[in-house]
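Protein chains: 2
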Amino acid sequence: MEKNKIKIAVPASVSNVGPGFDIMGFAIDVISDVITLTRNNHEEIVIKKITGDNGKLTYDPNKNTCTVGMIHLLKYLKLNIGFDVIIEKKIGIGSGLGSSAASAVGGVFALNELLDKPFKKKELLNFAMEGEKIASKATHADNVAPCLFGGFILIRDYNPIDIVNLPFPKNLYCTIIHPQIEIETAASRKLLGKKVDFKKAITQWGNVGGLIAGLTTNNYNLIGRSIKDVIVEPIRGKFIPFYEDIKKVAYKSGVLGCNISGSGPAIFTLSDNKKIAIIAARKMQEVCTQNKIVSKIYISKIDKQGPKVL
Amino acid sequence: MEKNKIKIAVPASVSNVGPGFDIMGFAIDVISDVITLTRNNHEEIVIKKITGDNGKLTYDPNKNTCTVGMIHLLKYLKLNIGFDVIIEKKIGIGSGLGSSAASAVGGVFALNELLDKPFKKKELLNFAMEGEKIASKATHADNVAPCLFGGFILIRDYNPIDIVNLPFPKNLYCTIIHPQIEIETAASRKLLGKKVDFKKAITQWGNVGGLIAGLTTNNYNLIGRSIKDVIVEPIRGKFIPFYEDIKKVAYKSGVLGCNISGSGPAIFTLSDNKKIAIIAARKMQEVCTQNKIVSKIYISKIDKQGPKVL
Numbered sequence: 609m610e611k612n613k614i615k616i617a618v619p620a621s622v623s624n625v626g627p628g629f630d631i632m633g634f635a636i637d638v639i640s641d642v643i644t645l646t647r648n649n650h651e652e653i654v655i656k657k658i659t660g661d662n663g664k665l666t667y668d669p670n671k672n673t674c675t676v677g678m679i680h681l682l683k684y685l686k687l688n689i690g691f692d693v694i695i696e697k698k699i700g701i702g703s704g705l706g707s708s709a710a711s712a713v714g715g716v717f718a719l720n721e722l723l724d725k726p727f728k729k730k731e732l733l734n735f736a737m738e739g740e741k742i743a744s745k746a747t748h749a750d751n752v753a754p755c756l757f758g759g760f761i762l763i764r765d766y767n768p769i770d771i772v773n774l775p776f777p778k779n780l781y782c783t784i785i786h787p788q789i790e791i792e793t794a795a796s797r798k799l800l801g802k803k804v805d806f807k808k809a810i811t812q813w814g815n816v817g818g819l820i821a822g823l824t825t826n827n828y829n830l831i832g833r834s835i836k837d838v839i840v841e842p843i844r845g846k847f848i849p850f851y852e853d854i855k856k857v858a859y860k861s862g863v864l865g866c867n868i869s870g871s872g873p874a875i876f877t878l879s880d881n882k883k884i885a886i887i888a889a890r891k892m893q894e895v896c897t898q899n900k901i902v903s904k905i906y907i908s909k910i911d912k913q914g915p916k917v918l
Numbered sequence: 609m610e611k612n613k614i615k616i617a618v619p620a621s622v623s624n625v626g627p628g629f630d631i632m633g634f635a636i637d638v639i640s641d642v643i644t645l646t647r648n649n650h651e652e653i654v655i656k657k658i659t660g661d662n663g664k665l666t667y668d669p670n671k672n673t674c675t676v677g678m679i680h681l682l683k684y685l686k687l688n689i690g691f692d693v694i695i696e697k698k699i700g701i702g703s704g705l706g707s708s709a710a711s712a713v714g715g716v717f718a719l720n721e722l723l724d725k726p727f728k729k730k731e732l733l734n735f736a737m738e739g740e741k742i743a744s745k746a747t748h749a750d751n752v753a754p755c756l757f758g759g760f761i762l763i764r765d766y767n768p769i770d771i772v773n774l775p776f777p778k779n780l781y782c783t784i785i786h787p788q789i790e791i792e793t794a795a796s797r798k799l800l801g802k803k804v805d806f807k808k809a810i811t812q813w814g815n816v817g818g819l820i821a822g823l824t825t826n827n828y829n830l831i832g833r834s835i836k837d838v839i840v841e842p843i844r845g846k847f848i849p850f851y852e853d854i855k856k857v858a859y860k861s862g863v864l865g866c867n868i869s870g871s872g873p874a875i876f877t878l879s880d881n882k883k884i885a886i887i888a889a890r891k892m893q894e895v896c897t898q899n900k901i902v903s904k905i906y907i908s909k910i911d912k913q914g915p916k917v918l
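Protein chains in written order, with this note's numbering: chain H, 609 to 918; chain U, 609 to 918.
For reference, chain H alone in the conformation it holds in the complex (with noise of 0.2 Å):
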């Protein structure tokens, strides 16, 4: 019997992971947006609620991500039936946290789930993918992806699209700090120029290579020493407020490598124990209340499974 209502939590993720810019990212399992859906009588999907937004989300179903990629996959099986959804918002919307990325992989999830799964977890990146559109502007799966599979994610080209599910350490604690101002992803994306300078793309390059080799064989220092961006990094970090003085504490506290988690302003770092996560937390929460900064912090292990039926 098909079911008539499902609900769902879908994980936050950190991209970029330092040099990876648009081609990596993981998903850590404390922070989780809600999203539940019933069937309805109509033949259309209705936003019912949403709540922890501020008001910032839009109602109309062919405008917000969560419903993009659910209209299009409805139409990709030919289904005329509709679905009240409810979407409650515990990522922060322009964190830096994948938090579009989460809406979108939430309502194909929750709707291939309740229609009994005629998608393959695989065959859903790209209704999730139409969602992400709508919110970023242009075509990325660095949140999208890791939200999806869970676990640490190489997208290693776009055209086609190439997943590659990493392994990594069974150690890696990742620390959190979303000091509670705003930039948006477009806004922040359109900075970046179009040309990069060759000497840098190399450096770039060799961290990527240096942070997958770490993690793919269990090589924590390599890790650290490759969460390094010549490129990305020095233009999105400026709108940090006191970005530097984060780094630095968490760096002294002992993390293998810290970055502005996506966009920002949400920064990460990765450790290889529990209480130096702990550490690096509380210094970098410091620094923000310090200078009056609201902000939340969190500590989580990598998430290895993507969103989960509750």
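Hints should not be assumed to be uniformly reliable.
Which copy is meant is left open, because identical chains are indistinguishable; a pair holds if it fits in one copy or across any two.
Straight-line Cα separation of at most 25 Å, SDA-like style, residue types lysine to any residue; simulated pairs [what the hints assert, rightly or not]:
no., residue 1, residue 2
1, K882, L685
2, K697, T666
3, K698, D770
4, K846, N767
5, K836, F850
6, K741, D805
7, K912, T825
8, K613, Q898
9, K728, N829
10, K836, I905
11, K803, P842
12, K729, L687
13, K803, Y906
14, K730, N827
15, K611, N881
16, K916, E731
17, K808, P842
18, K729, N827
19, K860, N670
20, K808, V838
21, K671, E651
22, K778, Q913
23, K807, E738
24, K686, D668
25, K613, T644
26, K730, N881
27, K836, Y766
28, K798, E738
29, K730, N829
What the hints contain is simulated information worked out from the structure, not anything from laboratory work.
Chain U: place on chain H using the hints.
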């Protein structure tokens, strides 16, 4: 007792390996230069004989790639002693197979052995790079490092230098075709601009990531998908006659990937079995022969050792 004479073999290498411009390379075990050092009674290095170079290399020890590193090494140790040097070139000069790197590595490696190893292998890298600099006018290590350490090498960073010896799958066969034409490394390098397209750079670091993930997780197919170069190959490929035709027959033979070795004109392929490596060699050579280009072919496993005392 200190030895008076040593003879060593030092391997050829393939750098760039598709996307990894300036940061990746591997050593191959079927082509090696041979270098012989004999302690003399002067306080200087004397190049006694060079073979296989068609008269192209200098006998001036301050300008020859093989002896420049040796001079730096002796100076560092404040040793006023001299050696006679015989250089037997087997690796084609200007072939794209790390000929100058082999000379540079061979000189310092042989000298270090003869002096009873005052330096660890790792410490020889800088001396060898001094030699390589003479040949290529740029300090890069993507042939020097694999030649010295053997195996598949990532140079994560140059400042300071950070060498990562990557694990790689057991059944990796390399086919090389060396069309007997010449491209000078320094001249070839000038053709590359100082800026690259941001989008292409992202594609490139996606492929670097894929190649390293493929190597370290024994994923032959991923290795193949990642051997792509959207930045350098489009420029350098044009200088190798019938490059596209050669590449086409290689892929048709079933190789995982095919690209330019270093700055060319040598072309390498990687395969997951020897049979394919042999077929590819024959097919690639046929293209050259049909177009009246003399060529040499080599089939090799990845060399794991680097220089060997003979």
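Going through the hints against the structure:
| no. | hint | in the structure |
| --- | --- | --- |
| 1 | K882 x L685 | neither (45 Å within a copy, 46 Å between copies) |
| 2 | K697 x T666 | within (13 Å within a copy, 71 Å between copies) |
| 3 | K698 x D770 | neither (29 Å within a copy, 41 Å between copies) |
| 4 | K846 x N767 | between (32 Å within a copy, 24 Å between copies) |
| 5 | K836 x F850 | within (18 Å within a copy, 40 Å between copies) |
| 6 | K741 x D805 | between (28 Å within a copy, 22 Å between copies) |
| 7 | K912 x T825 | both (18 Å within a copy, 18 Å between copies) |
| 8 | K613 x Q898 | neither (46 Å within a copy, 68 Å between copies) |
| 9 | K728 x N829 | between (36 Å within a copy, 22 Å between copies) |
| 10 | K836 x I905 | within (22 Å within a copy, 40 Å between copies) |
| 11 | K803 x P842 | both (15 Å within a copy, 17 Å between copies) |
| 12 | K729 x L687 | within (19 Å within a copy, 66 Å between copies) |
| 13 | K803 x Y906 | neither (35 Å within a copy, 39 Å between copies) |
| 14 | K730 x N827 | between (29 Å within a copy, 19 Å between copies) |
| 15 | K611 x N881 | neither (42 Å within a copy, 50 Å between copies) |
| 16 | K916 x E731 | within (17 Å within a copy, 51 Å between copies) |
| 17 | K808 x P842 | both (12 Å within a copy, 20 Å between copies) |
| 18 | K729 x N827 | between (30 Å within a copy, 21 Å between copies) |
| 19 | K860 x N670 | neither (47 Å within a copy, 46 Å between copies) |
| 20 | K808 x V838 | both (6 Å within a copy, 16 Å between copies) |
| 21 | K671 x E651 | within (17 Å within a copy, 80 Å between copies) |
| 22 | K778 x Q913 | within (15 Å within a copy, 31 Å between copies) |
| 23 | K807 x E738 | between (34 Å within a copy, 20 Å between copies) |
| 24 | K686 x D668 | within (21 Å within a copy, 78 Å between copies) |
| 25 | K613 x T644 | within (7 Å within a copy, 79 Å between copies) |
| 26 | K730 x N881 | neither (32 Å within a copy, 30 Å between copies) |
| 27 | K836 x Y766 | both (23 Å within a copy, 14 Å between copies) |
| 28 | K798 x E738 | within (20 Å within a copy, 42 Å between copies) |
| 29 | K730 x N829 | between (32 Å within a copy, 18 Å between copies) |
The earlier numbered hints that this structure contradicts are 1, 3, 8, 13, 15, 19 and 26.
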